[in-house]
Amino acid sequence: MRPAVTAWEDARRPRIVKVDGDFPGARLEKMWETAPGLAGWISSVDHKEIGKRYIITAFVFLILGGLEAMVMRWQLGGPNQRLLSPEQYDQLFTIHGVTMIFLYSSPILTGFSNYLWPLLLGSRDMAFPRLNALSYWIYLAAGLFIYAGFVTGNGPNDGWFNYVPYASKAYDPGINIDVYALGLILLGISTTVGSANFVVTFLRTRAPGMSINRVPILCWGTLTASVANLLAVPSVSLAFFLLWMDRQFGTQFFTTSQGQPLIWQHLFWMFGHPWVYAIVLPAMGMVSDALPTFCRRPLVGYTPVALATVATMALGFGVWVHHMFATGLPSLALSFFSGASLIITIPSAVAVFAWTATIWTGRPVIRTAFLFFASMIVLFVIGGVSGVMTGSTPIDWQLTQTYFVVAHIHYVLIGINVFPVVGAFYYWFPKMTGRLLSEGLGRWNFWTMFVGFNLGFFPMHIAGLMGMPRRIYTYAPGMGWGPVNLVISLGALLFAIGVLLFLINIAVSLKRGRVAGPNPWSAPTLEWSVPSPPPPYNFAVIPTIESRHPLWEDWLDESPARSRLTEGLLLDRGRETLATTPLDAEPNLILEMPADSFAPFILTCGLSMGFVAALFHLWWVAALGAVILIGALIDWFWPRRVHADMEAADV
Amino acid sequence: MSEAVYLDRDLPVAGLKRNSVGWWGMLCLIATESSLFAYLLFSYAYFAVRFGPRWLPVAHPSLRLSLPDTIILLSSSAVIWWAEQGAKSGKRSQHLIGTAVTMAMGVIFLIIQALEWKSKTFGLRSGSYGSLYFTITGLHMAHVVVGLIILGVVFAWSVAGDFTPRRHTPVLISSTYWHFVDVVWLVVFTTLYIAPYIWASS
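In the order they appear, the protein sequences are chains Y and F. The first sequence begins at 1 in our numbering and counts up by one. The second sequence begins at 1 in our numbering and counts up by one.
These aren't lab readings, by the way, just hints derived from the structure by calculation. Bear in mind the structure is a predicted one, so any value in this text is a computation, not a measurement. Where is the CB? At the ideal position from N, CA and C, for every residue including glycine. Wrong hints could be hidden among the right ones.
[Claimed, not checked] Okay, the calculated bits of chain F under chain Y, using three or more residues with CB under 8 angstroms as the criterion: (1) 5-14; (2) 18-25; (3) 81-91; (4) 113-123; (5) 185-192.
[Unchecked claim] Heads up, simulated DSSO-like pairs for lysine-lysine below, C-alpha to C-alpha not over 30 angstroms straight-line: (6) F:Lys-17 / F:Lys-120; (7) Y:Lys-52 / Y:Lys-511; (8) F:Lys-17 / F:Lys-88; (9) Y:Lys-52 / Y:Lys-30; (10) F:Lys-91 / Y:Lys-169; (11) Y:Lys-169 / F:Lys-118.
[Stated by the list, open to error] A partial selection of chain Y residues facing chain F, derived with a Cβ cut-off under 7 angstroms: (12) Ile-263; (13) Glu-586; (14) Leu-589; (15) Ile-628.
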């Protein structure tokens, strides 16, 4: 007999206690820690564990994408190189784009947000810990799925934008495009569940007192990106689903005879442009939160920066046609989207001015992390200006399909994503591992990457102006593009050496780095109030927040109120955390958090089985995958009565 | 230790209805699924505008099956609301009957949809209209099937006596999803069946 419903604990008045040595941490440790060994590794739902996995996996993809780029730069370093055949080059530049855009740039930010959010927000985990694990496993599965295609020579080979009719069965008869289509639909599921988790976590699991105007900007960035993902990802998943139907079941969506090839580009970029902001806004948020620490003052213009983050994304849904200026659309449409593309510089510039003013009016302490964050401002401006240029239709007609656009996209994505991310490693690595990265090696790391990047990518603007088209596997000597390409390739090599120095720094510092302590930077936000690395339960008691800078209150002395970090709600009847109201963060619910679970992993196995089976039309295998998936869901949602057994433990 | 201090109010343990994180999660799911249908209907509009009225295989799609079918699905929203009232007031039989009737109406909707599919003179491959028609309605039917599974699970929990007038969050979450499936159908029906009448006459 299951216990009767009345065994539920309905409501409770939680105690407020002071942290005193091991109390209540020792008791919480037992409830929250993950079991050792493989079983614990697979079943863990700890956001810190999942965050680290996201970060490591995404970084591996960054290295793979970088190696692919190096091979291409070898090929393009001089005219008439024969390292790669045209077919190989096609697959290589496609997988490079797919890797960097989909498997690196978004997941790395998801990883940092996963790790940091509950610590920044004063919570013990995300709102849906198992969904978090599911999001990671599906991401890993999608990455392996696409790369399995690539290593067997069946990877996507029509560019990451995958335009039809090239991508249709008639012109691309292998399974390459099907691998891409199914892989991205799978990845879309991961992105969607992860985004839903961020949205609900932001709205419901902030510490009491952390009202909506006290939330760190990183959380604003990831929230904005997550809402955008919920609304935009269905577009690309649908586009790939329709393309797969065209290729496998003879539907007529994109066919030249009865369909509309151009709607591929609409669906792709209606997703693609919001996505571009989704992979930079959280990184901009990291800069907004971490840069002020090194300037020894709060961020200038918190409210405008938070609002500009949201405004950028809102406008970002109305600019997709600027990827399609050369497709013969009516001039009214071109004017509208060109105007929108120029207007979007206004909210983007708000952040730039805020960061500059923060440095200007602060007392900057130059550390490696600071260098990465500050240099990002420069790269953002360069990438932004080339973006404004191509936002103007006549200039775009001149420059589209040239290396100028390649230069732009790399300034934006490496400048606003990779540089802040490496800076974030220097900043938060001590929190994650308990040890600081080496500053000496860090300087070499920064200057090599910065010089290499600019040497490698700035000349691409010039190559583009000289008329060099993108996506070509080689060029003739008479074109005069040889010298500039040699410089680009050498710059890329230097940049790669910079990344290698970074990896060496990590390897060395993991073992021998200086011990960090809880707050090595004297930083203002909540994650620095807990030990490094944080215990599995994050906070022994739920803190109460009175300002945007809980750890700087004594020093800034903006008001007499002080956040309470060592005295707060004791929630210790099993895994529990506090839910609060969405705007004012008033306590309104005790959340029961799930135990570690195999369901997310098993669900992913079933789902992946279904996708592999769909690729090869093995419908019985797909049905088996569906059965496994449903079984995992039944286990997931099975009602559990934790509190009936917990009553006795409470004294 | 000195005297114990407590928060100034009682907090519910685990979510109650609209206060539960599960319900907020469902809203996120509905937001993203609504977007999916918005993009499908955008595609439909795009094709219609590009090709003009001759794109439609039949100028006026027949309402003989689709209109009663629509009425059945939309009324099921009222029935699941009535079932939810049962759960709220502790009348388990009302909740069970209401959920069962809703599920029956969902199944009838699917059967009539199957007949509607059979009655079509065009196929999935015969042209882009057919491709879109069967994809949109097919994806909607898949959502109905998912709704039926969810309602089935909630029905089983209700039989097991899991719900009380105070605690029945899964009832709220599942009925919210069901209302969503119905509203989506209303929009799909209006686009695929009603709009051509207005379009062709203008």
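A quick look at each hint next to the structure:
A count of 9 residues in the segment 5-14 of chain F with a Cβ less than 8 angstroms from any Cβ of chain Y is obtained; the coverage claim is therefore met, three being the minimum. Check result for the segment 18-25 of chain F against chain Y: holds, 5 residues qualifying (beta carbon to beta carbon below 8 angstroms, three or more required). Residues of the segment 81-91 of chain F lying with their CB closer than 8 angstroms to a CB of chain Y number 0, which falls below the three-residue condition for coverage. For the segment 113-123 of chain F, the stated coverage by chain Y is violated: 0 residues have a C-beta nearer than 8 angstroms to a C-beta of that chain, whereas at least 3 were required.
Counting residues of the segment 185-192 of chain F whose C-beta sits closer than 8 angstroms to any C-beta of chain Y gives 0, which falls short of three, so the coverage hint is violated. Between Lys-17 (chain F) and Lys-120 (chain F) the alpha-carbon distance is near 43 angstroms, which puts this suggested pair outside the 30 angstroms criterion. Between Lys-52 (chain Y) and Lys-511 (chain Y) the alpha-carbon distance is near 17 angstroms, which keeps this suggested pair within the 30 angstroms criterion. With a CA separation close to 10 angstroms, the supplied pair Lys-17 (chain F) and Lys-88 (chain F) stays within the 30 angstroms bound.
Restraint check: the Cα-Cα separation between Lys-52 (chain Y) and Lys-30 (chain Y) comes to about 21 angstroms, which is no more than 30 angstroms; the hinted pair holds. Distance restraint check for Lys-91 (chain F) and Lys-169 (chain Y): the Cα-Cα separation of roughly 57 angstroms exceeds the 30 angstroms cut-off, and the hinted pair is therefore not satisfied. Between Lys-169 (chain Y) and Lys-118 (chain F) the CA atoms are separated by roughly 28 angstroms; this keeps the pair inside 30 angstroms, and the hint holds. Annotation: Ile-263 (chain Y) was flagged as interfacial toward chain F, and the flag holds, the nearest CB pair being 5 angstroms apart, inside 7 angstroms.
Restraint check, Glu-586 (chain Y) versus chain F: the minimum CB separation of about 10 angstroms is more than 7 angstroms; hint violated. The interface hint given for Leu-589 (chain Y) is met, as the beta carbon of that residue sits about 6 angstroms from the closest beta carbon of chain F, less than 7 angstroms. Look at Ile-628 (chain Y): its Cβ only gets to about 16 angstroms from chain F, farther than 7 angstroms, so that hint breaks.
Hint compliance for this structure: hints 3, 4, 5, 6, 10, 13 and 15 are broken, all remaining hints hold.
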